[in-house]
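Student: Based on the sequences and whatever the hints tell you, model everything.
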Amino acid sequence: GDATRIAVAGDSAGGNLATGVCQLAKQRGGPRIAYQALIYPTVDLRDPVDDPAYPSRHQFGGGDFFLSMRDMEWFRSLYVTDPARESSDARLSPIAGDVAGLPPALVLTAECDPLRDEGKAYADRLAAAGVPVEYRCYEGTTHAFMSFAGAIPLGLEALSFVASRLRGALS
1 GDATRIAVAG DSAGGNLATG VCQLAKQRGG PRIAYQALIY PTVDLRDPVD
51 DPAYPSRHQF GGGDFFLSMR DMEWFRSLYV TDPARESSDA RLSPIAGDVA
101 GLPPALVLTA ECDPLRDEGK AYADRLAAAG VPVEYRCYEG TTHAFMSFAG
151 AIPLGLEALS FVASRLRGAL S
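The sequence shown maps to residues 1 to 171 in this note's numbering.
Misleading hints may appear alongside valid ones.
Across the chosen pairs, the derived CB separations fall in these ranges [said to hold, decoys possible]:
{"no.": "1", "residue 1": "G63", "residue 2": "A3", "range": "41 to 47 Å"}
{"no.": "2", "residue 1": "Y79", "residue 2": "E139", "range": "42 to 48 Å"}
{"no.": "3", "residue 1": "L78", "residue 2": "T4", "range": "33 to 39 Å"}
I should point out that these hints are in silico values taken from the structure, not numbers from a laboratory.
Please read these numbers as outputs of a predicted model, since none were measured by experiment.
Here a beta-carbon is modelled for each residue, glycine too, at the ideal position from N, C-alpha and C.
Tutor: Following this line, the structure appears as C-alpha cells:
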C-alpha cells in the first residue's frame, strides 16, 4: 500500500487505540500516519470518575445516556491492571503524552456523552501543540450515536462527515 495514505480511526475505546497507534508510529519512526479520526474517544484513563476537568462525566455518566461511568470503570479494569503505574502511559491515556508531531485529527463528540469533555480537551491539547485538528460536537446525541446511523439521522450525517474528511486527507 501507499505508506503516505495511512489513516487510523476509531470510536470510544477504538479512538483510544487509534491515538495509541499514532503515538507508537511517532516514537518508533514507522510509517507516518497521515490522519486520525477520533469519534467520542476515551483518551484519559488516569481517573475515570473524579476528574473535575471533565464535568460531562458527572453530568451524563449516571447511565441514562447509553454509557455510564460505572461501565467506564469496568472497561478500565479490563484494560489497566495497575492504575497507579500504567494509567499515565500515553498509550493508555494519550492526553497525558507528548502530542506534538501527531498527525492531523478530526475529533467528534456527542453532547450527552460522559466522554464529551475529554474528547474536547484532547482536541484542544492537539491544537495547542500545533497539530491541525478539527473538532465537532453533535448536539442532542449520545455516545455511540454513529453506530445507529440507520435510525439516528445525525449518525448518518456524522458518518458522511467523517468519510469526507478521510477522503480529503488521503487524496
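Student: Range hint 42 to 48 Å: satisfied by the CB atoms of Y79 and E139?
Tutor: violated, 30 Å
Student: For the hint 33 to 39 Å, verify it against the beta carbon of L78 and that of T4.
Tutor: holds, 35 Å
Student: Using the beta carbons of G63 and A3, state whether their distance is inside 41 to 47 Å or not.
Tutor: holds, 43 Å
Of the hints listed earlier, the one the structure fails to meet is number 2.
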